[in-house]
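These protein sequence lines map, in sequence, to chains L, F and C. Residue numbers for the first sequence follow my numbering, so the first one is 6 and each next one is one higher. Residue numbers for the second sequence follow my numbering, so the first one is 9 and each next one is one higher. Residue numbers for the third sequence follow my numbering, so the first one is 17 and each next one is one higher.
Because the hints were derived from the structure by calculation, they are not lab data. Values in this document were obtained by computation on a predicted structure and should not be read as measured data. Even glycine gets a Cβ: it sits at the ideal position worked out from N, Cα and C. Among the hints, erroneous ones may be present.
[As the list claims (entries may be wrong)] Quick list of in silico lysine-lysine cross-link-like pairs, BS3-like style, CA-CA up to 27 Å:
#	chain 1	residue 1	chain 2	residue 2
1	L	Lys237	F	Lys56
2	F	Lys69	L	Lys420
3	L	Lys317	L	Lys303
4	L	Lys429	F	Lys56
5	F	Lys56	L	Lys404
6	L	Lys424	L	Lys136
7	L	Lys83	L	Lys152
8	F	Lys69	L	Lys334
9	F	Lys56	L	Lys154
10	F	Lys56	L	Lys136
11	L	Lys243	L	Lys152
12	L	Lys152	F	Lys56
13	L	Lys258	F	Lys69
[What the hints assert, rightly or not] Far from chain C, by Cβ distances over 10 Å, these chain F residues were calculated:
#	residue
14	Tyr38
15	Leu85
16	Arg86
17	Glu88
18	Leu135
19	Val173
Listed here are the chains, written in short residue letters.
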Amino acid sequence: MDDRWILSRRQLLKTMAASGALAAADLAWWEEPLVRPRRAWGAAPVRFQFSVPEPKRTALVESLAQRFNQSQTDFEVKVEFVPQAQARQKLIAGIAANNPPDCCQVWDNWVGEFEGMGAVEDLTSRVRDWKYYKDVTPIAWQTVTLKGKILSFPWVVTNDGVYWRTDRAAEYGIKPPQDDWTWDEFMATARAFTKPEKNQYGFGMRGQGTWAVLYATEFMYAGGAQVLRDGKVAINSKEAAEGLDWYLDLFRKHRVCPPSVPTDGWRGIVEGFGRGITNMYIHNSGSSEEQKDFVGAKSFATVPLPLGPGRKRVSFYFSETLTGFKNAKNREGAWRFMSWCMDDEPKFMYCKTLGLLPSRKSLADRPEFTKDPAYQGFIKSFPFSIVSPYLAYAGWGGKLDSEGVPLFQQALVGKLTAKEFLEKFAEVLAKNMA
Amino acid sequence: MARSDATVAVALPRPLLSRRARELATGYLYLVPVAVCLGGTIVFPILKAMHMSLYNHVLFKPQEYGFVGLGNYARLLRDETFWLTLWNSFVWVFGSVALQFVGGFAAALLLHQSFRGRAFVRTVTLLPWIVPGVVVALVWEWLYQPNYGVINDVLLRLGWLRDRVAWLSDPGLAMPAVIATNVWRGVPFFAIMLLAGLQAIHDDLYEAARVDGASVTERFRHITLPLLRPIIIVATATRVIWTFNYADLIFVMTSGGPANATQITSTYTLVTAYTNLDFGYAATLSVVLLVIMLVFTVLYLRVTRGIESAT
Amino acid sequence: MSRRRGDAAERILGGPVLWAGLVALTLFALGPFVWVFLTSLKTRGELYATPLRYLPATVTLANYVDAWTSRLTPFSRFFANSLWVSSVTMVATTCVSILAGYALARFRFAGRNALLLIFLATQMFPAVLLIAPLLSQWYALGLIDTYQALIYSNFSFTVPFTVWMLVGYFDAIPRDLEESALIDGCGRFGALCRVVLPLAAPGIAATAIFAFVTSWSELLFAITFTTQTEMRTLSAGLLFMVGQYEIQWGQLSAGVIISTVPVAILFTYLQRHLIHGLSAGALKG
């Protein structure tokens, strides 16, 4: 069995080297003497489900797990990689069959759902005694707190900003977006970036996946709307409809977006920008490393979302969490692994490699993050970032995916007006406030 | 004295079970393996699903779990999306199967002739069918890709398109696009079924007809079609049922989108179960699908049997 | 079936129409694969070049190497898994269905027609809802990430279909042949093996191939019942390969070619038996 360990480390290094994921300098942390892990017999292995497997992430998370397994001999952590499209299904199926993984990496908007199923391990008491409790920013804790209970570790955090092509802006003589640019300037920039004869578009709007609705909501907030007002659903207000109309018109009327928008999810917008089809797109910092690969670090930069009418804007802050399950076989092991991942080195490696920001202040203040232009848009957006309003109720997480997004797509393609979409969407939200 | 060679009637021992009973026992015995297989993998889950359809069973709302009788079915009747998916399912099924049938028949007629390289062409024709559905879906996603797909490129070069079309992102084009893929994938099925049927028809029948002066089309109409009818019926019924229930192409290519344009009832059931976590309602949808298929099959068989007995 | 001089219509159909048709058919079936093959030979830069390049300027085999050796998507392993699961499903299904088909074809007993109808009906149940109950079953039995879970689950769609087909084939075989065998003293099982099976062999081969092909293609069960990469089948592995931020079309194309060529070669030999077997039962329907 130990042979498998050695072999897999070699394979791992080969993959890492081949994918160029980690620069030579970064391998330094791995060069520490590798003590062959002594396997503990009898203790149940900790199953850690990890979704979003890109070659980079797989190599990295494997190396994290192996490093952890080296550092202690009580039990072994086994990583289960699942494509993100199926990750939620697998977790649900596992929970329903009473066999969930011991811990997993999930987004904060899923945690509420699992908590509603009574499946999540409540970390509140243990976390307050944890050594880095105060180092994690309060807003990060907010993303994983439901009804006063802290349900997960916020591993990495991020908010939304706008990516834009610096080289093409120079080429086309476009004024670079300023940190306090307005909607009008956004529209003008998008128009200037749209060159149909070259198959280039100004803005890669997202039409698929939960965040399609979230980006639209950010624009609606910039227009003065809110999801909840005085505890009641208020997303179907006049300001929201106007804001949404403005946003959708980018695709419907002004055609500064590519035709593939209705089915563009993460992959669509990231690849679209990376391959030069679009020259701007909204996303969190998580795709910055990809874009450094695609277009090169010198060709793009990030900037905060534009200011709406009334000089308002908001960026949704969310976290990728480490969550443990109540029915896990090795809950103690899960806790130890999760808290280890929040330690300096592992968290720094994870964040830096993937372009995400650490939830711990001491790490976030390091120059690797504060001085990198690819992060500027996000760091500058922190002052006006708020936790996603859709986290308010556990029942909303799944409904966004199942009903919100299809309704949004209908509005995109013109089957519903913005007002109709908002009415129906508000209904869905109101029905699921639990 | 000569020994008598006459046989003496001796009473044979009576077996425990009569021959008839032994036969029945053997028959039932042979059925045991299949009963175990299907019992565990289908019958039990179906019964469980029927049972589930009578309950409100939303996975993340365990406190609301309870018996609702026909409440889920009432909800189904009021559910706009369900009726939309039903319509989409019919378009998907009948569009695909009709075109698959026509294409498959043409292919079968071609492959029935003798020519050099027949084995090669037959294998090539089979390829879209023996390749897993995921492969078909991914290959065609790549072909339909608006920016790097060969379909857009060829159409642009031919001048048939002015702008690039996002085939799978346009709600009006997505369904025809996935149907086209399904047709590509399903033609081989009909091709081999019909080819098998063609090969079973004796040449003498055609000879006799030719001698009688029948033309090609007349021979086709009066010999080929009637003799192929049983295979056509079986193949079409199987294909309709299969297409209705298996949605791997749509699942991989469009996930039912955009805006439910390609959402068929079976993908809707999947979404209801795994995204909405509403197992009670998903069970209801499945039971309804099952009933629809049963009704279809009974009607289909009755109609085709009626045609048969009329001729 | 040889072409003979007949009327003008026949000559046209037999000549240019036939050839045009064959060319069209080959292009239709093979076209997408040719494109995928060309894609698999291109470098990453060439894949996304505008304007679209048809032929690769530099032929590279890197995609094939990556697809075969990649730890995340070990195609060799996926292929082997699919092969094993499909083969066992095929063999087991055939055995079970032969017994059941024989029983239903030969023995008259109460409930026979109802049973036949049940076999038809079970084919109509959407697999999607079988997943949840089956998942809890397999967890309870500890069969997750085993070949067995996939094989047993595959029975849900292969067995009804093969039983249904085999009943038809067995019905077509006249009883007298078995009767004489029975009179000669072999039991029912002997009669089955010695008389019926050889006669129905083409039909059995055809249904076996159907069972193989449909379980080869199976997706939903494979995704849900396996968690480890090494246990994934080809379908699940390919879907798994579709990345989050980009689809590696080069590697994916190589993987598609790798998984298709052996099956294509296999079917060059099998297609004759398949068609022969189907036509044996064709007229009976």
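So, going through the hints one by one against the coordinates:
no., hint, in the structure
1, L:Lys237 <-> F:Lys56, "violated (39 Å)"
2, F:Lys69 <-> L:Lys420, "violated (32 Å)"
3, L:Lys317 <-> L:Lys303, "violated (30 Å)"
4, L:Lys429 <-> F:Lys56, "violated (33 Å)"
5, F:Lys56 <-> L:Lys404, "holds (26 Å)"
6, L:Lys424 <-> L:Lys136, "violated (49 Å)"
7, L:Lys83 <-> L:Lys152, "violated (32 Å)"
8, F:Lys69 <-> L:Lys334, "holds (24 Å)"
9, F:Lys56 <-> L:Lys154, "violated (36 Å)"
10, F:Lys56 <-> L:Lys136, "violated (49 Å)"
11, L:Lys243 <-> L:Lys152, "violated (31 Å)"
12, L:Lys152 <-> F:Lys56, "violated (35 Å)"
13, L:Lys258 <-> F:Lys69, "violated (41 Å)"
14, Tyr38, "violated (4 Å)"
15, Leu85, "holds (19 Å)"
16, Arg86, "holds (21 Å)"
17, Glu88, "holds (21 Å)"
18, Leu135, "violated (6 Å)"
19, Val173, "holds (15 Å)"
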